Amino acid sequence: MVNLSLSRRLNLLLAIITLLCFLLALYIGPVKISLVKAISDKLANISSVESLIFYDVRLPRALLALLIGGTLGLAGAALQGLLRNPLAEPGIVGVSNFAALGAVIAFYFGFAGLAWYALPLGGLLGAMLAVLLIFLLVNKQNNTITLILAGIAINAIGSALIALALNFAPNPYAMQEIVFWLMGAVSNRSLNDVYIALPFIVAGSLIILSCGRFLSALSLGEETAQTLGFNVVKMRWLLIAGVAAAVGAAVSVSGNIGFVGLVVPHLLRPLVGYQPKQLLVPSFFGGAVLLLVADMAVQLLSDGGEMKLGVITALVGGPFFLLLILKMRNTWL
Amino acid sequence: MKALAVLAGLFMTVLACADVEYPKRIVSLGLCTDQLLLQMVGRERIASLSYKAIDANMSYMADWVGDIPLNRASVEEIIPYQPDLVVSSAFGARDTVRLLKQLGFSVKTIPLPQSIDEIYELLRLAGQWFGTPAKAKQMIDEMQRAIVEIQKRNAGKPEKTAVVYSPNGYTIGLDTLENDVMRLAGFRNLSAEMGIQRFQKISLERLVAASPDTLLIDNHVYNRDSLAHEYLDHPVLQKMVPKQQQLFIPSRLRACGGTMTVDAINYLAGYR
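From first to last, the protein sequence lines are chains A and B.
Numbering-wise, the first sequence is residues 572 to 904 according to the working numbering.
Numbering-wise, the second sequence is residues -8 to 263 according to the working numbering.
Quick caveat, the hints were computed from the structure, so don't treat them as lab data.
Please read all numbers here as calculations on a predicted model, not as lab measurements.
Hints may contain errors.
[What the hints assert, rightly or not] Think about it this way: if two alpha-carbon atoms lie no more than 25 Å apart in a straight line, the pair counts; the simulated PhoX-like pairs of lysine-lysine are:
{"hint": "1", "chain 1": "A", "residue 1": "K608", "chain 2": "B", "residue 2": "K230"}
{"hint": "2", "chain 1": "A", "residue 1": "K848", "chain 2": "A", "residue 2": "K805"}
{"hint": "3", "chain 1": "B", "residue 1": "K128", "chain 2": "B", "residue 2": "K15"}
{"hint": "4", "chain 1": "A", "residue 1": "K603", "chain 2": "A", "residue 2": "K711"}
{"hint": "5", "chain 1": "A", "residue 1": "K613", "chain 2": "B", "residue 2": "K234"}
{"hint": "6", "chain 1": "B", "residue 1": "K151", "chain 2": "B", "residue 2": "K192"}
{"hint": "7", "chain 1": "B", "residue 1": "K148", "chain 2": "B", "residue 2": "K234"}
{"hint": "8", "chain 1": "B", "residue 1": "K128", "chain 2": "B", "residue 2": "K99"}
{"hint": "9", "chain 1": "B", "residue 1": "K151", "chain 2": "B", "residue 2": "K234"}
{"hint": "10", "chain 1": "B", "residue 1": "K126", "chain 2": "B", "residue 2": "K15"}
{"hint": "11", "chain 1": "A", "residue 1": "K613", "chain 2": "B", "residue 2": "K230"}
{"hint": "12", "chain 1": "B", "residue 1": "K192", "chain 2": "A", "residue 2": "K603"}
{"hint": "13", "chain 1": "A", "residue 1": "K603", "chain 2": "B", "residue 2": "K230"}
{"hint": "14", "chain 1": "B", "residue 1": "K15", "chain 2": "B", "residue 2": "K99"}
{"hint": "15", "chain 1": "B", "residue 1": "K126", "chain 2": "B", "residue 2": "K99"}
[As the list claims (entries may be wrong)] Which chain B residues face chain A? A few, computed with CB under 10 Å, are given here:
{"hint": "16", "residue": "F96"}
{"hint": "17", "residue": "P158"}
{"hint": "18", "residue": "L195"}
{"hint": "19", "residue": "R215"}
{"hint": "20", "residue": "L218"}
{"hint": "21", "residue": "H225"}
{"hint": "22", "residue": "K230"}
{"hint": "23", "residue": "K234"}
{"hint": "24", "residue": "G261"}
Quick reminder that beta carbons are idealized off the backbone N, C-alpha and C, glycines included.
Sequences are here, hints too, so could you generate the full structure?
So, in structure tokens, the structure goes:
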């Protein structure tokens, strides 16, 4: 029997931690500014150095870290429920890479300028393709080895296609920017990036959250879920669409930041009694905290955030992934 | 007697000049050497220029190329010209340069000037190589005169601060030609004052904190779809420096160091 009030208290605690990390992220940056002056200037519509730095440079950065971290955490929990495998997450199964591919095609070949939603839409289509692929590959033979191998294949294809697309891009800088798309960053972003990603992230996240009960039922098996009254096919499509929209938009503005969706749900799962539905909201907050902290690390380690965020998450997530595999070697594989 | 000696001297000089070996079939592998050739040497002595010479956005001498054959700096293209001199910039077409040297061609690379004085040095050097020292001296004199003119014209005007901001967030600091250009045009380079050496990235926050009067941005590109150019489109730049004070220095004045550098100084000085 799941302890609801415990779950609610966990969500509240995580929300508070997220807020604190967000405020701390607003404070950290290459230039020391007084946050009080910055906010009061902005409210009084005075354009000062502090208000410009706060509102146009730091706020987008912190907001994106929060939103994207949350999205990746949530998507990780969703994919783990959908594929019924604790190793699934957007980066590992190749969803993030394909989302980056969709975004690259939209961005470098001029589509992004046509409409505000063109860029995140590109990410969405790429992500959707990857989720479908992984699902087709894994569905009949749902074990961990198949999942990891399928993920490796899709990741490899995704990166190769990204490199190919960048090679043909008209702009001469394109080829060097592959690092951004494969490793991710939230610095030097503006509020415009937040605005174009936000609708898709919100829509995708809400869709995923609405599938919570289905995820819990699915953990008992497909047939059981069916007999419990869920239209399994329809719910799966809904989940796929939600993950694709949220991850697609997130990656389209920040590149591929890996391992967030792996580490966070895994750490929080015991705290929610291993219930897939209760894992969703905490994973969002946990992911937000993780990425905010990673971004602060980037700010402190490299002036102005030149290090890619994906480097930090990979440094943490890579060994974590390895440990998970080793731990599971004797049980699941 | 004296007249005979003078005549004999003249005759010897003429003979000596006839013996002087100056290159007659020169090939250029890069933009900067293209422009030097077009400015200093007669067209009949230029065997080939690089294809960048006709790019009107980057090449100061684009209109003077005419029907001179263009090359893409590949060894196979160069060999048929049988050049007696091949010139290139220090960092361009390195493999081609190396292979041509191995094959026995005379190849010379010009340095990248990082100050006005280094431009004068470069022109003297080129004059020696091409056999046109008088032309080189003439170009140097004209440059010096023009710079003095600009200084006089701008004397007494208030100083302005500026920062160069390039794709990928790079700025330009001390020990660079651009720094000299800004100085001679009467702008204080805030990046140099912050201690930035040569070409380095500057974080957006530091750029905003510097609060320059003017932002110098290179804006010739036809295709701006890249993350590198997104740096130049960040909304905060519009807020911190209004559009009138964002100066787009024409790339053809910046791509190489030479007489066009004076045009660049003039262009900037016009905005003081």
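Hint check:
no. : hint            : result
1   : A/K608 - B/K230 : holds (18 Å)
2   : A/K848 - A/K805 : holds (18 Å)
3   : B/K128 - B/K15  : holds (21 Å)
4   : A/K603 - A/K711 : violated (56 Å)
5   : A/K613 - B/K234 : holds (21 Å)
6   : B/K151 - B/K192 : holds (22 Å)
7   : B/K148 - B/K234 : holds (21 Å)
8   : B/K128 - B/K99  : holds (20 Å)
9   : B/K151 - B/K234 : holds (16 Å)
10  : B/K126 - B/K15  : holds (16 Å)
11  : A/K613 - B/K230 : holds (13 Å)
12  : B/K192 - A/K603 : holds (19 Å)
13  : A/K603 - B/K230 : holds (20 Å)
14  : B/K15 - B/K99   : holds (15 Å)
15  : B/K126 - B/K99  : holds (19 Å)
16  : F96             : violated (29 Å)
17  : P158            : holds (6 Å)
18  : L195            : holds (5 Å)
19  : R215            : holds (7 Å)
20  : L218            : holds (5 Å)
21  : H225            : holds (5 Å)
22  : K230            : holds (6 Å)
23  : K234            : violated (15 Å)
24  : G261            : violated (27 Å)
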